[in-house]
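S.K.: Using the hints, build the complex out of the two chains.
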Amino acid sequence: MSEQILKALMQLFAIIAKQDEGVVEQEEKFVKTFLESQLSKSQVSEYMDLFINHIEKEEKKKQRAKKKREAKQGDKEVRRGAEEGQVNVLDSVRVMGICRKINKTLSHKQKVIVLARLFELVNAEKKLTEQRMEIISVVSDAFHLTTAEYKEIENFVIKDDYRDLDSEFILTIHDREHLQLKAQHINSESLHGSVIILHLKSAELFFLKYTGKQDVFLNSTTAYNNRIYLFAPGSVLKLPKGKPIHYSDVVATFMKDLKISNLSFKVTNLQYKFKTGDIGIRGINFSVSHGKLVGIMGASGSGKTTMVNTLSGITTPSEGSVKINGIDLHHDKDKIEGVIGYIPQDDLLIEELTVFQNLYYNAKLCFKNKKEDELVKLVHKTLKDLGLYEKKDLKVGNPMNKTISGGQRKRLNIALELIREPSILFVDEPTSGLSSRDSENVMELLSELTLKGKLIFVVIHQPSSDIYKMFDRMLILDTGGYMVYYGNPVDAVIHFKTIDNQINSEVGECSICGNVTPELIFDIIEAEVVDEYGQYTDKRKISSVEWEKHYQDKVAKEEVEEINDEPPADLNIPGWFNQFKIFLTRDLLSKISNTQYIVLNLLEAPLLGFILAFLIRYIADPTSSTYVFFDNENIPPYIFMSIVVALFLGLTVSAEEIFRDRKILKREKFLHLSRSSYLTAKIMILTSLSAIQAILFVLIGNSILGIQGMYFEYWIVLFSTFVFANFMGLNISSAFNSAVTIYILIPLLMIPQMALGGAMFSFNKLNRLIGSVDKVPIIADVMVSRWAYEALMVEQFKENKFEKQYYIYNQIKSTANFKQDKLIPKLSESIESFEILQDEINDKVGNKDSIIEIQKMELALLRNEISKENKEIFKIIKTLKKYKKGQGVKQIPFDVYYNNFDVLKADNATLKDSLVIPENLINSLNIKDYDIENHGYILLDKLEIWKKFYLAIYSSANELKEELIGFQDKRKPNYYVQFRNKFHNEHLDDIVRNIYEKNKILRFKDKLIRQEEPIYLEPDATNFIGIRAHFYSPNKYFMGKFYGTFWFNVLFIWAMSLLLYIPLYYDHLRKLIDFFGNISFKKK
Amino acid sequence: MVKKIFFLLSIIAIFSSCGGDDSSDVIDGPDTNDKINRVEIDPEKINALIEMFPSPIEMAATIEDLKVPYSKKNLVPTETAGDFDANFEKALGLGMLSADLGYLNVYKRKNAIVEYLTSIKRLADALDVDQFFDFQTLKRLATNSTDMQKLMYLSVTSYHDMDAHLRETRRSDLSALMITGVWLEGQYLAAKVNQFKSDKKTEEIIVGQKDILKELLEVLDMFNEKARFDGMNKQFHELATLYDSVKIEIIDGEDEIIKEGDITLLIPGEHTTIEYTQEDLNKISNKIIQIRNNLISL
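Protein chains in written order, with the numbering used here: chain A, 419 to 1502; chain B, 3 to 300.
Treat the hints with care, as some may be off.
Said to hold, decoys possible - Just so you have them, the derived chain A footprint on chain B, three or more residues with Cβ under 8 Å:
no.	region
1	84-95
2	115-122
3	165-174
Simulated from the structure, these hints should not be mistaken for laboratory data. Heads up, the beta-carbon is just placed ideally off N, CA and C, and yes, glycines get one too.
Here chain B stands alone, though its shape is the one from the complex (with noise of 0.2 Å):
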């Protein structure tokens, strides 16, 4: 009897033992020499392309104007940024829920600001960007008040201390994709709510990200040699060929300066035409969905 167990348990952990195969063998480090392919972005630079980025609170003010029903559809769920592994995923993600915290904010969904500020969290926690992301105080203006400008004002700010952080701590890298990933969640929202509902503003701020892109890409450009940026780069490249058809002219014109009240406002003369065909319109907006869609499914 005593003999027959040992028999059995024999067998088994022999079976249980065996299994092992080559996919767990350990990859060195590089040649310790070799020398680190460091990248470093003018800080000028990309603080002038994040000037140039539509503001959220205009992208707000028109979507809000347009009257476009929510859809948490639209958004990166939350349950995907979980799933993401990687800093290259991780930085790009941090972006592109920050843009979609603008878009809960049109619509004033508490809970789910708050389930996005928690994933917006999590990230920061993973690349230690932590310390800019005031969560608490996020939090509190999310299920508190009704101004939600202040909520805005705030995680703008930490996007830029975040994103300056990163830059601080030579991880350039995850800096370009953070702001890739406000910035094509943003594009990515527009396209979506102009799909539901036509609007010329909305399609001229889709169309008119032609030089935007170009500057995107000379900063993205000069990460090739990193792991994934690559094929990223090139879907964006293709997308920047899109844009060749889309004509920008710029038309000077005389500032004008209007007094309501204490307030002096001044309405830049400067305007800009964008000549497109709704063929460029379309083709353009499915890529950029075809983009993002292909970057979160990672």
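Just chain A, with the same shape it has in the complex (with noise of 0.2 Å):
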């Protein structure tokens, strides 16, 4: 009780009690008492001076007012006899003040409190003078209350004997017949006096009183003779004898008029078989119906969860069915969508968020058609109703660092599910870790809801008496999944005694306290057989088929008529569009209102950056303190480890964001709640964070180091990178059960990366296995890292500001030069190298057919490779035609002649009587066919002209280089070096140009591999779909096209990114898994 209501309270008392004679000692001792049994002793004396002192001022007053009287003379009869019959209307004025206070300050249920308490102050000594009425009277127009209420309450105080009360409000308890119209009953066994309880509908109260002389308890302190007590929700009353009164069946009878919907809940034959073989449960067969509370017990490994997992359709049963209302749970799931609630035992709160929160967010999810605020008072009322309105903005918080207690995280998860009130609702282990009261609270509000119809499978373990009297059945599961007993809870005592042969078997309760014990049930039910020296041996008395015989033999099924109305269902979930605006809220406000998580991701990714950036940033110069960027030898290494950062911080930041919601999604499944909204708005939330990571990462990091103009693409590229992880994080936190084994599992996601990334080993020197000579290996190319590492690398490369002035003349130079230096001394060697092997041949030296298989290859590869560069020369030109001409590219005069022969003038057809080497001599290129003097010297002659050919080219471009940076360094002398030095870098230039490759070209089958600067060199285009191509390869082939290689990347990540998408969205990895470990652990 608030201070404000005892404050008017002890002003009220006051001026009621000096009407008449004033206060009578009687009176006095009420308010003592009263005071004593809502507050502490210190407490007690500071109201009851609060009350003496108002009692003071009252008398002076009187005094006063006599002594005035008595002054003036006249009228005396008619003046006393005013003072005597009537109140005095000064009191009326006053009262009238402290109630317009009141009205202000209290709300209309402290109100009718405040008013009973009046009544009942009065009804003390029954001193019910009319003055005292009449002050409560108008205390309680002044309240506002309607008179038939203060009628009621009134007749409620004032009337002792039950049989004068008789009013739709009033229940009455006692032992003898119930002849009353209008009130309610309930019947107890012997009791003296009676228990009369009114409810007063406008507060949703009600009060209590006993008449009699026995010993009543209300929660578990003496209710005394005549004293008015509120009777709140969750309050029990025990009688001398019988079943306890709970707030709930008061509430029941009060209801019992209540049209609610019929369920009948039918399970046949019910079995489920695990897929190792074992069996869950057997032989299922009950019936319910509507407003039952059914309790389901049994040992540790009896099937309790399999049995109500398949009773609430999340597992399908291996035979039989069940059926609500006739339609099959199992197989018709989408009739009787919403039917069903589940809470489990787990907690599915959200720890950042509020109790509020918590449940606004759920309750918005379910209903889609209620208004912003009709879902606030729903929420509310809900909070109120389960008394966790106080802690609305607390945090939940985590179990092990508490804001709100255990019973009331219980309460709330049971709010979660109580707020779309389900018509069956599935609750495992409510009581589990809860204070015994905690507990009663917890199940008798589950037991009021099957006052409304609601039909509740509770699984309960050990419960208290009290709690196992709640249940209306009880079903009793043992070893192996046999239903052992399902019926009456306290029927299940006798039967189990009966069957035991214990004395006394035929009562259920004890005589004297009225207590149950279910532990008893188990005691029996596994009890062992004793061996000849008093040693329990394992083997059981009974075993489970015996039980389950025992029961079907004796214990009277009952019938339930099947219903065939659709089932109600209050299930309205919002759009596909509106639960992801839903879950994104929620998930973001979590996020944020978790300081710890934010400044710790925003604080993370800049800090790698700058430690990374700074413990690299070198000076190659012992002498100089200018950090130049092309001397520092680590850009390549920070590229890489960029990479890493990125996938490590996407990786650990999303590898347990599903794990942690996964209780939460259990259960939002039971709503048929999307999946893709959720896993939508969660990746939108981390990519969102990973882009801001990624920003910082970079600013910090390329600031550092002097990596100019290419914060966007560093950026991209890391923020590409951080998505990927965060969807591989995704799969993994969706797919395993523990925090750990996903933090184990990281090093085996990554070091895949780390090593295949293309910066840490050669992809030419890899395992033969797994290598490609000419192609970065498949193994590879579905790893991020390379795909990441080498868009940096050939961005950096390609299109910083210094190489991109000069990058079309390196390439065509860099290709001239291969051609004629590497490529053309190759095939004439294979032409010579024929012929050395033709001499052995006429020399008879050595095997000859080994020489003539040798010559074979010698000839493929000159037949292979010819064809090809007969193309790659038509290639060529037309690229320096394009250049020449400008066409869509920068213009450069490329000029190219060799035998006063002008290659880019030239017609196609005199290039191709020129330049190309003709089919009949390819064709000649054969065993059969081949001749050295007729084909091999030609060929020579011809592959000489490709050379002059190519050095033309060199020549044409080297020489508009150096034209190119002579006149820049005219103009601005050092700009050369200047750019070079701030824009590129060295090392990264030797990478890209595998400068460190001792083979330049390599030899594999019937091709020549060019292993020389593959940033220069064009991919493969032979296949149509392309994709793959050489490491650090400038541009990527694609159906027909060809792309730039950052880009191309950049959108091959995403594309991997969203091909992740995939097993994650029917979670794949999880079944995956799954299916390993039944095959593994499979018994016989």
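M.R.: Given below as structure tokens:
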């Protein structure tokens, strides 16, 4: 009771008490006991003083008024009459004043309580004088209570005999015949007097009083005779004998006439077999109707959870069916969508959100049609109903770091499901870990729900006697999934005791205290045979099968009429986008409210960027203190490390995301909420966070290292890598069972990414089994690190402000140089080697067959490479012409001529004539037709022409480049070097040009593979689909077109990420793990 | 808290993104219609010039005879060679290092030879003439063989091939620079050796370059238009004027044929007399050292 009510009460008590002859001892005693029941001892005296103080003041006022009257001696008689028979007008006015104040501060409920207390005071000595009643009536008026209600309260307080009270708001509890017409009645075992309960509808309050002389306990404290008590939700009234009367019983009696929808729940021959072949539950048959609280009990491992999962439709039974109003639960799921609710044992709360937010977002996901204020109202109401309203703005916290108590957590968990009021509710061990008071409260709550027609299944473990008795039905499972009992809970005790031949077996509960001992049931069921030495053996006296048979034989089965109405479902989930919005806000709120999470995530990336960049910001020249970007050998490792950082951060930030939500997801699956909108919201938040992290990292890292003008490029690559890692993390977080497993898994995912990223090991120097000579091996192609690293390396090399100016010259130079210096000499070598081999044959040296084999290989190489090179010539001419004309590119006046032959001005026919090695010559490159004199020498001549041709191209490109540099240096001295030092990096240049490779050209079967300067080599376009290419290729070929490596790779990473969405959505990884898990642990 | 972090980070972002300056404005190339001023040198001329150079073998013999102690300080440091940026420096450096290689051969410094070969290889790579430089063979010869003559011979031919290739690919300027490098470093080494231990033969090598320098300048002057040639040529012209007071006279005489077993040697009867003062020698020597040092401290 609040201070305000108490203060107001003391004042009102004083005013009322002074009426008539003033305060009687009895009244003072009442006030004192009343205060004692509400407050601690020290406070009692404080308020008692307040009361006496008021009384004294009242007395003085009374005296003063008397004196005044005596001074004026006229009309004495009349005044005396007024004084004795009526309320002082002044008092009325003062009462009105107090009430007006109260009106502003007290709720309706509280006002009703105040009024009831006033009645009680008056009733203490039965001094129901007119004046006193009038004061109360004034109060009632001031509180805007209806006359009817005022009358109800008055009657309830004043009249002691229940027979005088007959209204629809009264409920009587006694052991006599119920003869009243309107009043409700609950029958009790022998009881002296009666308990009368008043229901005040406007305030949803119940008042109680006991008129007898026995010891009756209300919530474990004695209810004194004729004292009025508030019968609050969850209260229990214990009578000397018989069942305790719960709040829910009272509510139920009053609501008896309420219309509720009908339900039938019929389980037929239900069996669930695990994949391992073990049977979870078997031969379950029972039916139950709406408005029942069904308990499920059983030893551990007896299949309680399997039972609940099967009954609630989470798992599909191997045999039998569950029918709700005739609809098969497992096969017609759509028809009973939203009918079933499930409250698992685990916490479903989002720790970072407040009590209100938890319930609010949950409600939002259930009711799409409710308006915002309706929804808030509903949430508030639910919180009030569950006694959580005061805590609504507290963060839920986790069980380790409590802000709300365990009982409150549990109630909130229940509230999540309660708010949408499913018709059938499954609750898994709602009382585990709760105090007995909290347990009773929770059970009380569920019990109340059944009054509204809900059917509730509760898995319960070691219930107290009171809780046990709350159940309407009890289902008892025994080891092996046998149902050994279904029926009235108290009868269960009798049933087992009878079979066990115990004395007093016909009594279910203690005849004195009325307690039931549910543990007894399990003691009986699991009783073991004692051997001759008095030791317990492993053998049970009665096996599960026998118990089941006893049940079948001895317990009467209850038949429930099958109902064919559609089961009521109040589920109206919002559309995809709205769900997405709700998930997004909910997730976002929970993240933002976790300051540690936000701060750590936002600081981690820039901090790593700083550490990394600061450590490797290196000045090569020992005599200088100027940092030169060109000389910093650490740029390629920096790029690689950035990618590793992105992968790590992206993975760790997401690795627990779904895992943490798993329980919530399991519940939300019941609501048929969209997984994709959940995932999309999750991804959206993670990617936004990743985007910020990537920005911060790049800003800090690149600035320190002096990587100029590439912020966006680095960002987009790192961001994409982050996102991929996010997806990867989400996948594992969705698939694995514990945080530890997830973190153990991270190295397994990371190390291959690091090893196959292209930076640590060269792709052409990998194990032959996975390696590939001319392309990145497929195993590396599935690594995002390889795409990201290549994208940045290529972009950093090609598109920096320095190289960008010269790239095209360099590329043409490189290509021409490779052809004239490496490729063509190799081809000539091949022709010559054929000749040498032929000489060996002629001289009859060595094995002829094996020599011919080698000759065949040489010819195959020539055939393949020459026909390829024929095309290459036209390709390069086309490119040069394009630049010469400036078609869509910067114009470069290439000028290729040799032997006084201008290549770029000649028409195709001339070119073909002079450059192309004719088809018939290529066709002759087989062991049968090939002739050294007729073919070999001609080929050698032709190759010499090619060499000259490529030299001419080289010369032109080189000359133009030097011309450009000369021009630039003239305009601005040292331009070339300055630009290079600022924007180009030597070590990176060395790497992408592969200068450390000794074999610049590699022969593999009938192919010659260029290993020199891969950054200038265009990818192989012989396969239409393309995609795969050599590492550091400047462009990528895909579906007949060339794309720049940078954007191609970035898009490829996104494609990979999106691809990861599929297993994420369908939870493939989890299913795969489950599949393997089932195989390896299969029992025979 | 979160706000504060954002604020801090945005400040960092602003600071780090600023700081652009005009020094990074890209200069576009010359107008594409401009005709490239292409200089081609007559290969004959170059070959004749190279032939006039004092033979590295001869130089080696002279130094060997003098028994001047080995000094690495006289060589172009390989670290400096690594810093050569533009092709101008690279070509010049390639020539210089090859002269240094000759010097190292005299003292049979195997480790240093490998070091210089590596540097040369890098420069050759950069100029795309590495195909003519058989690094692996040269390295093997340097480390395993006692026959330094073979190494000398191979490296000299490599130089001829590189030079020819440079001209073939329209890079006569680089060809000219390379031979300039060889010549200048040879002269520098001679000057340094002579400063340590004066000797008539060496002195004559130094002062006897009058005509060769004239020919060389004729070639170099063709590239006056090209960046950086201008400055270098000016210094060489200054050097040329120092030779004005040197008089070289060629005296005819009869050739003498000597038979030593199977070998027939022809000793030319024609010989030259050089008139110079010690001051001339000093001035020339100092100028050579100055030019050379200027060029490598680029």
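S.K.: Work down the list of hints and note, for each, if the structure agrees.
M.R.: Results for each hint:
1. 84-95: holds (count 3)
2. 115-122: violated (count 0)
3. 165-174: Since three or more residues must qualify, the claim that chain A covers the region 165-174 of chain B holds, with 4 doing so at under 8 Å.
Going through the hint list in order, the structure does not satisfy hint 2, though it satisfies all others.
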